[in-house]
Amino acid sequence: MDFNQLISKRLGGENFYKNSYYKFEKYSLLKKMWLENHFNETLLDFGIGESDEMPPFFVLDRLNKEIYKYENRVYADNGIDILKQTAAIHLREIYNLDVINPLKQINHVMGAKSALTLIPLAFINDNDIVISTTPGYEVLANMASWLNGKIYKAPLLKSNNYLPDLQAIPIEVYKKAKIFSINYPNNPTGAVANKKFYERLINLALQYDFLIVNDATYGVYTYKNQPLSIFSIKDAYKCCIEVHSFSKMFNMTGMRIGFIVADEHLIDIIKKVKDNVDSGQYIPIQLAASEAILNEMKFLSRQKDRYYKRMKKVSKILNKNHLPTNISPGTYYLYVPIPPSFSSADEFSRFLLDNCGIFTIPWDEIEPSIRLSMTFKCKTTEEEFYNTLDKRLKRIQ
9 MDFNQLISKR LGGENFYKNS YYKFEKYSLL KKMWLENHFN ETLLDFGIGE SDEMPPFFVL
69 DRLNKEIYKY ENRVYADNGI DILKQTAAIH LREIYNLDVI NPLKQINHVM GAKSALTLIP
129 LAFINDNDIV ISTTPGYEVL ANMASWLNGK IYKAPLLKSN NYLPDLQAIP IEVYKKAKIF
189 SINYPNNPTG AVANKKFYER LINLALQYDF LIVNDATYGV YTYKNQPLSI FSIKDAYKCC
249 IEVHSFSKMF NMTGMRIGFI VADEHLIDII KKVKDNVDSG QYIPIQLAAS EAILNEMKFL
309 SRQKDRYYKR MKKVSKILNK NHLPTNISPG TYYLYVPIPP SFSSADEFSR FLLDNCGIFT
369 IPWDEIEPSI RLSMTFKCKT TEEEFYNTLD KRLKRIQ
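So the working numbering is basically just the index in the sequence shown, starting at one, shifted up by 8.
One thing to keep in mind: the hints can contain errors.
Stated by the list, open to error - For lysine to any residue, the following SDA-like pairs were computed, each having C-alpha atoms within a straight-line distance of at most 20 Å:
#	residue 1	residue 2
1	Lys328	Asp217
2	Lys34	Ser352
3	Lys112	Tyr245
4	Lys317	Asn80
5	Lys39	Asn363
6	Lys387	Ile404
7	Lys402	Phe307
8	Lys324	Asp313
Simulated from the structure, these hints should not be mistaken for lab results.
Everything numeric in this text was worked out from a predicted model, so none of it was measured.
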């Protein structure tokens with residue numbers, strides 16, 4: 009039997025393998041191959057944005073305590089009230105946002121990726137348009153395309169501070185749009201959205217009847233200004249869904265826990281879809297996430313300071329080695345344009361891996377650049393890591 013013949017046409021049929029690769033999986037395989045062939049050399053890994061540290065002790069202690077309780081063994085379904093209530097505390101402490109009814113306007117999800125697949129499943133019909141910023145995290149757009157939705161890619165350009173040019177999008181696209189997918193603070197560019205941008209986008213959503221989905225996974229990592237939720241803007245509850253994650257905030261990537269905020273009717277729709285997709289995250293993990301919020305202020309302050317210091321140090325080294333780099337106002341990524349001597353970000357990223365032992369993620373979609381994550385792991389000291397980086401970058405010249 010030819011299994012490829014069985015792949016649904018919705019997924020691309022025989023072309024599935026040509027179009028379905030996940031960017032981070034592809035480059036993780038390249039990293040694995042490099043490690044197998046360079047076992048005597050240390051890799052400087054700026055790749056996947058997964059913390060080099062463990063979750064904080066108060067998260068692990070609460071998790072350890074809760075896993076032994078008989079009542080916590082059962083299905084969580086659409087989540088426990090405690091997590092919804094503490095998520096509201098997080099929104100108030102970090103974003104100065106008051107949620108009127110957290111039990112109905114907040115719901116847990118099994119990580120941001122899960123939320124970004126559930127949302128198009130709930131709302132996309134054949135030929136509905138999803139406006140998706142690019143470069144970016146493509147999970148929502150990929151799922152929408154598998155559901156026979158049409159993707160309109162709105163470019164993020166340095167000249168517009170990596171915000172989509174809302175005026176450049178044709179009116180006919182807005183008229184057929186069902187979802188406008190954004191991600192601020194932005195992966196990979198590090199850009200931060202402002203109130204004026206959100207206001208304009210919300211006005212367009214209300215005019216043309218589409219939903220705005222903001223992936224706020226990196227929301228706490230805003231350095232110069234107060235972190236901004238789209239729900240701080242008037243009328244946001246009429247058209248917005250915002251996705252939050254514990255993975256990046258509290259080094260809880262493997263625990264797969266996050267939450268969404270929206271009007272209670274939108275939440276109810278997504279909950280009913282979710283009921284058919286998963287049975288909820290393990291209750292002890294939800295309680296551990298709640299504990300994280302109750303201890304978040306000091307921890308997140310230290311976490312932000314650590315990543316910002318790393319960005320400053322790495323940026324200085326990159327600039328010294330003729331790779332012009334600005335410190336990002338958000339996230340923990342540096343987004344670095346490739347040198348003119350290289351034809352693509354993929355080529356430059358592979359050069360850095362093969363010749364310098366430096367692992368990065370390339371983005372060729374609009375303005376070829378590489379992304380460096382500040383979650384790198386140091387085998388000895390950070391100072392030695394920086395010295396090694398400086399020495400290896402000299403191989404480019």
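Against the structure, the hints come out as follows:
{"no.": "1", "hint": "Lys328 / Asp217", "in the structure": "violated (49 Å)"}
{"no.": "2", "hint": "Lys34 / Ser352", "in the structure": "holds (16 Å)"}
{"no.": "3", "hint": "Lys112 / Tyr245", "in the structure": "holds (13 Å)"}
{"no.": "4", "hint": "Lys317 / Asn80", "in the structure": "violated (40 Å)"}
{"no.": "5", "hint": "Lys39 / Asn363", "in the structure": "holds (13 Å)"}
{"no.": "6", "hint": "Lys387 / Ile404", "in the structure": "violated (24 Å)"}
{"no.": "7", "hint": "Lys402 / Phe307", "in the structure": "violated (36 Å)"}
{"no.": "8", "hint": "Lys324 / Asp313", "in the structure": "holds (17 Å)"}
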